[in-house]
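A.B. asks: So the chains spell out like this:
Protein chains: 2
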Amino acid sequence: MAMDGYRGFLGLLVSALLVGFLSVLFTLIWVLHYREGLGWDGTALEFNWHPVLVVTGFVFIQGIAIIVYRLPWTWKCSKLLMKSIHAGLHAVAAILAIISLVAVFDFHNAKNIPNMYSLHSWVGLTVIILYILQLLLGVFVFLLPWAPLSLRALVMPIHVYSGLLIFGTVIATVLMGVTEKLFFALSGSKYSTFPPEGVFTNTLGLLIVVFGALIFWIVTRPQWQRPKEPNSIFLQPNGGAQEGVEGSAINFNNVDKSDSELNSESTARKRNFIIDEAGQRSTM
Amino acid sequence: MAMDGYRGFLGLLVSALLVGFLSVLFTLIWVLHYREGLGWDGTALEFNWHPVLVVTGFVFIQGIAIIVYRLPWTWKCSKLLMKSIHAGLHAVAAILAIISLVAVFDFHNAKNIPNMYSLHSWVGLTVIILYILQLLLGVFVFLLPWAPLSLRALVMPIHVYSGLLIFGTVIATVLMGVTEKLFFALSGSKYSTFPPEGVFTNTLGLLIVVFGALIFWIVTRPQWQRPKEPNSIFLQPNGGAQEGVEGSAINFNNVDKSDSELNSESTARKRNFIIDEAGQRSTM
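Quick mapping for you: the protein sequence lines, in order, are chains A and G.
In terms of this note's numbering, the first sequence has 238 at position 238, counting the first letter as 1, and numbering is strictly consecutive.
When you read off a place in the second sequence, starting at 1, and then add 1000, the result is the number in this note's numbering.
Don't take every hint at face value.
Under 8 Å between C-beta atoms, here's a sample of chain G residues computed to sit facing chain A [claimed, not checked]: (1) 1039; (2) 1040; (3) 1117; (4) 1120; (5) 1168; (6) 1178; (7) 1218.
These aren't lab readings, by the way, just hints derived from the structure by calculation.
Yeah, the Cβ is synthetic: ideal placement off N, Cα and C, and Gly gets one too.
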């Protein structure tokens, strides 16, 4: 990576971390200062874990998990290690999302409030289920060493697409949740008088949108992708894995990086181009 | 495009059109059957134009505008024509979005309801302003023939990124709007008793999410991009446009298609590859 690109990346990464950190901080201030605080007793204190855990896990940690391959200082680390960190962060996010769900169901049940009637709950539950399926599929296809290259190649574009779709949908769901909670908490037209809580929590909503925008920019810049390793093994024309290769999971860089190139009518041409390039590298 | 890819594309296109059409239909049924109907008199009838115009223009038409280059039967049309259709559809969407905004401000002012206090309004107004800026920038840089190739190359990745970010943010804003309106219209815990209007309008929200997901899938498949034309003129190493070329606007296919390739450290290599390819085509 050229020095210029590296500085640009660092600037955006620091911005994303800052905005993500601010989002978590704002959520904490919201529930501790403007709302009732935190607890696990079936009251509003338990409900308040819902936004805290969602913003911390399902927004901030998921966002970092998405861009973890983009950190240049990890490019010397093995692909298997980076996959483990990617999957591990997503697993932490999934656990926090599930606990956040328990908090809100517990609160509803203790207060005899019906569950699952709002659009927020419909989209939110769907996206948590999809997130867990995505995580399991990712572990079985990409992290564990058994899946053949052809399957990895087939699943990779879907994995990337559905990962980003889920992340965007989570952010949309958070915005619905903030809207819903503010109309409850500031009912009787209080919200429309621009109270500090309304302005503060609207700002939290904007911060989360900006965090999402930064993550999407970072992850879609091709020049910030983890580079192919010189010893990488490329797709065979028959789509099968080479036998007798140790540590194969870390060698499928072409599959991992070719998100947008596979299943294309020009795949064969591009593949030849990449193999050519690899040939040149190996003679250096 | 191979026949297989063509069928897959058609299936997804028909799905997107169907889901988009259903979204508009559901919105109409919502305001005409469950709400007060449509009118332009400062009452709820005027407000009701807000969801109808947003879903028709800012969701459905914007979505179609985004994928218009992907329609294989338009690949024989000139790039200038397709750019005009792309810009024209976005302009129609912008006009409908602006009228939808007038409807809601009119309604608020007639009823003495404060404006711009909710997160929905903050994100919504921001995204309409960004959409108009994006449209103007797009017209000046890509549609009109005066911008140098170097500028087009610089702006293209930003244009694609911000276009998709705006589209996703519009959908998130619609979901907030639906949430807000349902909590107003079905207040006093009516929403939580699963009334037909609640279930129906939640389903509308899901349809809009699915429409967005289909548009994102279609637009991010590289094999469904408009192919480069045999007579296309590629970026010069100095970044300047060639002089004396008529209809230059339709010849910048490399710039238009290289969204994700420019500004990359490997641009030079890829550019040579593309030029090679063009050379091969021209000898066929």
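A.B. asks: Hints first: check each against the structure and report whether it holds.
C.D. replies: To see whether the hints hold, each was checked on the structure:
{"no.": "1", "hint": "1039", "result": "violated, 23 Å"}
{"no.": "2", "hint": "1040", "result": "violated, 23 Å"}
{"no.": "3", "hint": "1117", "result": "holds, 5 Å"}
{"no.": "4", "hint": "1120", "result": "holds, 6 Å"}
{"no.": "5", "hint": "1168", "result": "holds, 5 Å"}
{"no.": "6", "hint": "1178", "result": "holds, 6 Å"}
{"no.": "7", "hint": "1218", "result": "violated, 11 Å"}
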